[in-house]
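K.L.:
Sequence:
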Amino acid sequence: MKKQGCEIEVVGINYKIYRQKRQNPFKIFKKNQQEVADQELKQQQPSSQFQDACPGIRHVLKDVNCKAKPWEILAIVGPSGAGKSSLLEILAGKFTPQSGSILVNQSPIDKAQFRKISGYVTQADNLFPLLTVEETLMFSAKLRLRLPQAQLSSRVKSLILELGLEHVAMARVGDDRVRGISGGERRRVSIGVDVIHDPKVLILDEPTSGLDSTSALQIIDMLKVMAETRGRTIILSIHQPGFRIVKLFSSMLLMADGSVLHHGTVDQLGANLRGMGLQLPLHVNIVEFAIESIETIQQQRKGQLQVQEQGFSAPPPQKTGEEGESRSEALPIFLQEREILMKETSSGSYRVSSYAIANGLVYLPFLLILAVLFSTPLYWLVGLNPNFMAFMHFLLLIWLILYTANSVVVCFSALVPNFIVGNSVISGVMGSFFLFSGYFISKHGIPKYWIFMHYISLFKYPFEGFLINEFSKSGKCLEYMLGSCLVTGEAVLREEGYGEESRWRNVLIMVCFILVYRFVSYVILRCRCSQRGLRASLS
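In terms of the working numbering, the sequence shown is residues 1 to 539.
Any given hint could turn out to be false.
Stated by the list, open to error - Straight line, CA to CA, 16 Å or less: simulated EDC-like cross-link-like pairs of lysine to aspartate or glutamate:
#1 K247 <-> D267
#2 K224 <-> E162
#3 K16 <-> E72
#4 K247 <-> E72
#5 K16 <-> D257
#6 K62 <-> D257
#7 K116 <-> D198
#8 K224 <-> E9
#9 K94 <-> D267
#10 K247 <-> E228
#11 K157 <-> E134
#12 K69 <-> E7
#13 K111 <-> E9
As the list claims (entries may be wrong) - Derived CB-CB ranges, DEER-like:
#14 L378 <-> D198: 50 to 58 Å
#15 L145 <-> K443: 51 to 59 Å
#16 S530 <-> P148: 27 to 35 Å
#17 N65 <-> G231: 17 to 25 Å
#18 A358 <-> G499: 37 to 45 Å
To be clear, the hints were calculated from the coordinates, so they are not data collected in a lab. All residues carry an ideal CB built from backbone N, CA and C; glycine is no exception.
Using the sequences and the accompanying hints, generate a full structural model.
P.N.:
The structure is reproduced here in structure tokens:
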């Protein structure tokens with residue numbers, strides 16, 4: 001007797017996003033008289049009856065209804081912009097629709113409970129490239145399963161066999177920069193990470209994207225076996241499925257412009273197309289033919305709409321590159337970890353606070369080793385204060401400098417979109433801090449309107465600490481004339497206002513800087529990982 005699976009039913013889902021028009025903030029200074037006149041003329045003209053009644057709202061999904069059964073694969077197909085990924089994200093609990101409901105076995109279920117019985121595989125393979133396949137699955141198992149080590153190892157080994165990865169179990173996962181397993185094998189590892197807890201429902205966003213036809217067929221065939229042997233309900237989106245892949249689908253949901261055009265089997269799709277008056281060519285993939293027909297109809301409608309609108313208003317301005325989106329391109333270590341963090345926290349593997357604390361602790365011994373390797377030869381070769389406690393204080397300041405810089409990089413890595421922007425921003429910030437640290441320009445020479453930069457500079461306090469550590473109570477002379485000392489180190493400290501009482505105050509301020517930047521990075525990551533965070537608000 002088969003065990004009970006999970007039947008997923010989507011009832012009347014409507015989802016829309018509010019778009020904000022992004023303009024160049026400096027464009028107002030570029031307007032000439034002709035542009036102003038054109039704008040006034042456009043306001044005087046009657047609006048076109050063909051324009052969207054709500055131009056700031058985009059209806060992503062419109063009254064979507066579908067059903068996915070256990071032991072079967074439901075494939076969501078359609079042209080680009082049809083709403084496939086949005087529907088999957090709503091099913092996975094990433095977004096909340098304005099109306100409609102999702103039923104599991106004909107009963108409503110909350111997001112937290114559904115997350116426990118489901119797995120969501122994103123389109124991108126967000127994996128640690130330096131871990132092996134077995135280590136990657138074991139890492140996910142330890143986060144999601146509360147089992148003894150022996151059972152965890154058994155579960156990982158059985159999953160490796162189920163995924164067909166036993167021949168690459170000890171190979172590195174790799175990525176675009178680190179050599180590792182193939183793209184199809186990497187996609188299987190991504191699927192394995194999200195089925196390690198044996199979910200009843202598996203949701204996949206274009207699992208065959210970027211794969212060749214053979215690898216894509218192997219992925220879908222593996223999912224078919226998972227559905228039939230484990231009673232899983234598998235829901236996936238796919239853009240252009242091949243003929244052999246289509247045969248593996250139990251049912252299909254054809255979408256266009258956020259609406260459902262067909263929900264049923266592939267054979268029923270062919271009958272519906274014939275009923276619409278479309279002549280099906282011989283020996284053709286019915287799904288590809290349907291998608292191409294939809295795209296052709298959409299292009300024709302857009303062309304007619306543009307012609308009709310030109311009779312009422314001036315042609316729309318062309319895009320000049322002022323608007324655009326940039327995907328994360330992996331700032332070394334931190335940006336790569338950020339993508340993995342967002343994926344794993346969304347699946348409930350751990351909390352953002354756990355990552356923030358672990359990230360802060362893991363660098364302490366590493367940066368201490370760097371500080372020791374840097375300070376030990378430098379301090380004694382240069383001939384600084386020979387007192388051993390002075391050396392230990394110097395080592396402490398170097399360690400805090402490294403950790404503060406690390407915290408700044410973590411903070412801005414949580415904020416910036418990619419490596420190029422991150423590198424530019426961090427370099428500019430660090431350069432500004434160093435300029436106002438007091439090394440190039442004394443505090444007394446900084447203009448009053450820039451003095452705040454001196455106090456928030458990360459380098460001000462270690463610079464003062466180095467001076468105090470070297471010259472306080474040392475009696476060192478900095479300038480001689482005719483055998484007599486003109487300028488002593490203690491005189492410089494008195495002139496700049498650096499006293500012995502500031503020694504540990506500077507250390508405390510550096511620690512405060514570290515805590516502030518770490519906390520800000522945590523808040524930013526928390527917003528990014530929340531569906532009500534920055535990403536949802538900017539959609």
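K.L.:
Work down the list of hints and note, for each, if the structure agrees.
P.N.:
Structure-based check of each hint:
no., hint, verdict
1, K247 <-> D267, "holds, 10 Å"
2, K224 <-> E162, "holds, 12 Å"
3, K16 <-> E72, "violated, 29 Å"
4, K247 <-> E72, "holds, 12 Å"
5, K16 <-> D257, "holds, 12 Å"
6, K62 <-> D257, "holds, 8 Å"
7, K116 <-> D198, "holds, 10 Å"
8, K224 <-> E9, "violated, 20 Å"
9, K94 <-> D267, "violated, 33 Å"
10, K247 <-> E228, "holds, 15 Å"
11, K157 <-> E134, "holds, 8 Å"
12, K69 <-> E7, "holds, 5 Å"
13, K111 <-> E9, "holds, 15 Å"
14, L378 <-> D198: 50 to 58 Å, "holds, 55 Å"
15, L145 <-> K443: 51 to 59 Å, "holds, 57 Å"
16, S530 <-> P148: 27 to 35 Å, "holds, 34 Å"
17, N65 <-> G231: 17 to 25 Å, "holds, 24 Å"
18, A358 <-> G499: 37 to 45 Å, "holds, 39 Å"
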